[in-house]
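There are 2 protein chains.
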Amino acid sequence: MAKAYAVLSAIGADRVGIVDDISGLVLEGGGNIEESKMAVLGSEFAVMMLVSMEAEALAALVARTSEIEGRLSLKIGIKPTHEGSVAERGRPYSLETVSLDGRGILHSVSAVLRKHGINIEDLETRTERAPLTGAPLFRMKANVVLGQGVGIGALRRELEELQTAQDLDIILLPLIPTRRD
Amino acid sequence: MAKAYAVLSAIGADRVGIVDDISGLVLEGGGNIEESKMAVLGSEFAVMMLVSMEAEALAALVARTSEIEGRLSLKIGIKPTHEGSVAERGRPYSLETVSLDGRGILHSVSAVLRKHGINIEDLETRTERAPLTGAPLFRMKANVVLGQGVGIGALRRELEELQTAQDLDIILLPLIPTRRD
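Residue numbers (my numbering), protein chains in the order written: chain A, 1 to 181; chain B, 1 to 181.
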């Protein structure tokens, strides 16, 4: 039987046991969670995951979607996809920003990345209290891949301009496999 | 005007510029991204974010959903929510697992957390190559909150049993604000 891949998303009112319920669905179908991200967002709990499963089991899960949505009080989306292309020949970097205000920062940074044709592998932003001062900090952490045509010097210069213009720190470091994140 | 909160999810074929497009939508509406998680999953790019915006601007964004979906080749979901309840009185911990095989681990760990009534604040799993050996590793990282009735000793004992039974490492550490993650 063929192995199939799908992106499964789920959202519902936050409660204890929601991860247990959702991971149980995949396990029941004999599937595997290849990658996942989940978070409390406002008063909701949101999940997105890449799942691999026998094609028949996946079809059975899709067919049961509305029954499951009702039983677990979740809104579920399932989109078939492929295993993911072999990683582009490129240099992986981690990119972090820290600033007092987050307004517009994701947009400015992603616009620079787009201009250089850089692919974002994953990205996370959050607002948190600064140590000592308690000030609200906006933090962004991303993993990006610099393709062969991307000059690191030109990219760094442009990010430095952004740092000054928007009063933030940008830390761009080559991703080394053994680095503990 | 009242500030409104919503969970915005988006999914579409992965391409350069997708984050720029999505963050642009929020910025155009004068909104703020309070928290977000994004990732390449298979051949898709998936986004989930908590957005705050004037109620009218949010309604306008909702009204434009299908136009935006068509223009940006995305599937978008917008669910109204609240700012999020004040953090429960409890002890924040980070919980990590490392193992050779990921099958069923998220489910076993989340079942233990559910049994103790522990809330998961965010969670991420991924498969990556181990340093030196190149073996595929399954890693889970979560932030959890232990409410007042939760005994850390009983929880640790149960997680230790799981470690042995499923051949994995579980690292449960109190979250200290200044710890750089």
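Just so you know, the hints here were simulated from the structure itself, not pulled from any lab data. Just so you know, not all the hints are guaranteed correct.
As the list makes no split between identical chains, a pair holds if one copy fits it or if it spans any two.
What the hints assert, rightly or not - Straight-line C-alpha distance at most 27 Å; calculated DSS-like pairs for lysine-lysine:
{"hint": "1", "residue 1": "115", "residue 2": "75"}
{"hint": "2", "residue 1": "75", "residue 2": "3"}
{"hint": "3", "residue 1": "3", "residue 2": "115"}
{"hint": "4", "residue 1": "115", "residue 2": "141"}
So, going through the hints one by one against the coordinates:
Taking identical chains as interchangeable, the C-alpha atoms of residue 115 and residue 75 lie at most 27 Å apart only when they sit on different chains, with a minimum of 24 Å there against 35 Å within one chain. With identical chains, the CA atoms of residue 75 and residue 3 are at most 27 Å apart both within one copy (25 Å) and between copies (24 Å). Taking the shortest Cα distances, residue 3 and residue 115 never come within 27 Å of each other, neither inside one copy (36 Å) nor across copies (33 Å). Proximity of residue 115 to residue 141 under the C-alpha cut-off of 27 Å is restricted to the intra-copy arrangement: shortest distance 19 Å within a copy versus 32 Å between copies.
Consistency note: the structure conflicts with earlier hint 3 alone.
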